[in-house]
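Peer 1: Using the hints provided, position chain L with the ligands relative to the given structure of chain Z.
Listed in order, the protein sequences are those of chains Z and L. Just so we're aligned: 161 in this note's numbering is position 161 of the first sequence, and the numbers increase by one with no gaps anywhere. In this note's numbering, each residue's number is its place in the second sequence (first place is 1) plus 252.
These aren't lab readings, by the way, just hints derived from the structure by calculation. Misleading hints may appear alongside valid ones.
Some chain Z residues judged to face chain L by a derived CB distance under 8 Å, without partners named [unchecked claim]:
1) Arg50
2) Pro87
3) Met96
4) Leu115
5) Asp119
6) Gln158
Straight-line distance between alpha carbons at most 20 Å, and here's what the computed EDC-like set of lysine to aspartate or glutamate pairs gives [stated by the list, open to error]:
7) L:Lys419 / L:Glu352
8) L:Lys419 / L:Glu457
9) Z:Lys10 / L:Asp681
10) Z:Lys182 / Z:Glu126
11) Z:Lys10 / Z:Asp21
12) L:Lys393 / L:Glu352
13) L:Lys296 / L:Glu277
14) L:Lys677 / Z:Glu51
15) L:Lys706 / Z:Glu144
16) L:Lys677 / Z:Asp136
17) L:Lys706 / Z:Glu51
18) L:Lys598 / L:Glu711
19) Z:Lys10 / L:Glu680
20) L:Lys706 / Z:Glu89
21) L:Lys677 / Z:Glu89
22) L:Lys598 / L:Glu635
23) L:Lys629 / L:Asp650
If you want the ones that stay clear, here's a sample from chain Z, every Cβ over 12 Å from chain L, calculated [stated by the list, open to error]:
24) Glu51
25) Gly79
26) Glu105
27) Val212
28) Val224
Model, not experiment: these values are computed from the prediction. Heads up, the beta-carbon is just placed ideally off N, CA and C, and yes, glycines get one too.
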Amino acid sequence: MLEIENLHAKVEGSEILHGIDLRINAGEVHAIMGPNGSGKSTLAKILAGREGYDVTAGKVLFEGQDLLAMTPEDRARAGVFLGFQYPVEIPGVSNMYFLKTALNEIRKYRGLPELDAMDFLVLAREKMKLVDMDEDLMNRAVNEGFSGGEIKRNEVFQMAVLEPRLAVLDETDSGLDIDALKTVARGINAMRRDDRAMLLITHYQRLLNHVVPDKVHVMIDGQVVRSGGKEFALELEEKGYGWLEETEKARA
Amino acid sequence: MSTAANPLHEITTAEYKYGFVTQIESDTVPRGLSEDVIRLISAKKNEPEFMLEWRLKAYRHWLTMEEPRWANVHYPPIDYQAISYYSAPKLKSRPKSIEEVDPELLATYEKLGIPLKEREILAGVAVDAVFDSISVATTFKDKLAELGIIFCSFSEAVQEHPDLVRKYLGTVVPYTDNFFAALNSAVFSDGSFCYIPRGVRCPMELSTYFRINAASTGQFERTLIVAEEGSYVSYLEGCTAPIRDENQLHAAVVELVALDNASIKYSTVQNWYPGDKEGKGGIYNFVTKRGKCQGVNSKISWTQVETGSAITWKYPSCLLMGDNSVGEFHSVALTNNYQQADTGTKMIHIGKNTRSTVVSKGISAGHGQNTYRGMVKILKGAEGARNFSRCDSLLLGDKCGAHTFPYIEVRNSTATMEHEASTSKIGEDQIFYCQQRGISAEAAVSMIVNGFCKEVFRELPMEFAVEAQKLLGVSLEGSVG
Ligand SMILES: Nc1ncnc2c1ncn2[C@@H]1O[C@H](COP(=O)(O)OP(=O)(O)O)[C@@H](O)[C@H]1O
Ligand SMILES: [Mg+2]
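Okay, chain Z solo, but in the shape it has when bound (with noise of 0.2 Å):
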């Protein structure tokens, strides 16, 4: 579903991502860690088309298509979705408003009828429960005077009802307390399936108690320099990043 050769990409002039190789099939999900500054947001983020970042070498093909090659707009509605690490506040406009006219304009691209308000509403309703949304939350302003919690179950709240065919999800896990990191990690479990792909950016092992990866990879600044299976998360928990740091250095 999503390979990623050689990916080299700067920003500001200097080189954040020293060429990344990634290959997620359907149906998997990968996990990236690392330690903080390594590039894992940069790497989602060029993925869903983020201006700013200049892609200096590599490619990146998305079911087949450059996805490089396609709009912000255009990938997220071919099924790439985003969960931001730090979602913005539209002031002035209802969750509700927002989100309805995303799906609609998915639902276009991809020759579906629109969804009147009526339908909508219980299509959001079913997918409210996945995360133990309040309804209150969809009338109120995107991501204004949210909590902590309650934003990123916004985010995955809004890819179940999106149905994205690959989810990047950026440290949707950090700031929750074990009830909302629980409850969010259902939710994210409820979306596997045999035609979805996910790949899970974490800092912390303890998402992946929660939603077990089929591998693992670590990124040390801006490079994979390591994967592994599940249990390869375990030993990263008890050994931290530093040295995997050290052995990549000897490498150099």
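Peer 2: Leaving out everything else, chain L with the ligands in the frame of chain Z:
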């Protein structure tokens, strides 16, 4: 520096949708201004002597005045002798019903989305259609008359209700008020007149649709609304003009009078031609609007959505004379390309326990310059007066500007004043968030700006709120950068 071009730069320009010209034979007076021209206008309108006298007094006063220069707008000197002060479509006789109106004119309004024919009329909205210097049709007149409501063109009011006109004309905005008000008083050609009798709640929206068509003419209309004790009316005006390379002057005056317990809601959707992308052409919109809350518990509420005009200079104001009277001003002003707006309000608290609310949302895009200028004045006798003001500015891009000039003058220590202000830039992060959910950059900008203006749109009558939102979207196209 980026993988994709900046979405703020990418959006393409849309044409001004109302820029067409109607081919119709006009009766236009030669350019220039003199007492003779004023006599000619007055004669064409078959006005009673008092009107001519009033116009001449205004003209003589205007000659002694200087054009104001304090506003934060810039334009070359206006040659007042190069303007024609009267232009009217030639009519064989004054149409008695809409069926008799020239089909070319009906087609024009149709194209503007304002059907005038009885069958297609906008439900619940009575329309007075003003084309260049004259009113060409008023809908629902008879139905309103059954309730004693007078809704007609100003010219007709002068003929049919001269006592009412004489009683109220110039009582809120005297011809000495300012340069453009004096000019308007001398040469105004038409406009709307509304009179709501005691205790009547007007059952439909009253609205005037102003259209400038002829070239090299000025438009000087005048609106007068009188709400008698315990009455209510909601009035809306809309405006458009053809695309022309030269600037055209529009200097209107609006006077509102609310007596005891009366309430007037006045909404404007202003979409005069704004000029092109390089700032060529467009309307100079120099307007004086003022309401007098004369009676106790009276209320005047201004809502404006200003998206058009090359230059906007207007300060819809309230004189809060009656005890417990309420003044409101809700404004969205958008300047794109080279548009300039200097707009705001004056709330003058005179009576006891008077209250006013000011909510201003300024949006600047392209090279647009947007100035909020507002005055809140609490006079000595205004015991317990309260004001709340909020001015928010939104910048799209870095070549535009937002400026805020609040003036506050308090002469009574029991008054309560609150003022909030903010300036924000539309964020690339906000746009990207929308795009990541499948919404195009252009739709995202429009959505974010509409969200910013929500509080003001909520004040508009339902039918027009939707229009205003669309208009904002269209006015922003090609803006952002
Ligand atoms: N817009 C930017 N301008 C300058 N430097 C940036 C920008 N975005 C990210 N970086 C830098 O790139 C590196 C990787 O950041 P990021 O991808 O956010 O890391 P992570 O998500 O792994 O914590 C950091 O050194 C960060 O300072
Ligand atoms: Mg990060």
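Peer 1: Under the constraints set out in the numbered hints, which ones does this structure not fulfil?
Peer 2: 3, 4, 5, 7, 8, 16, 17, 23, 24, 25, 26
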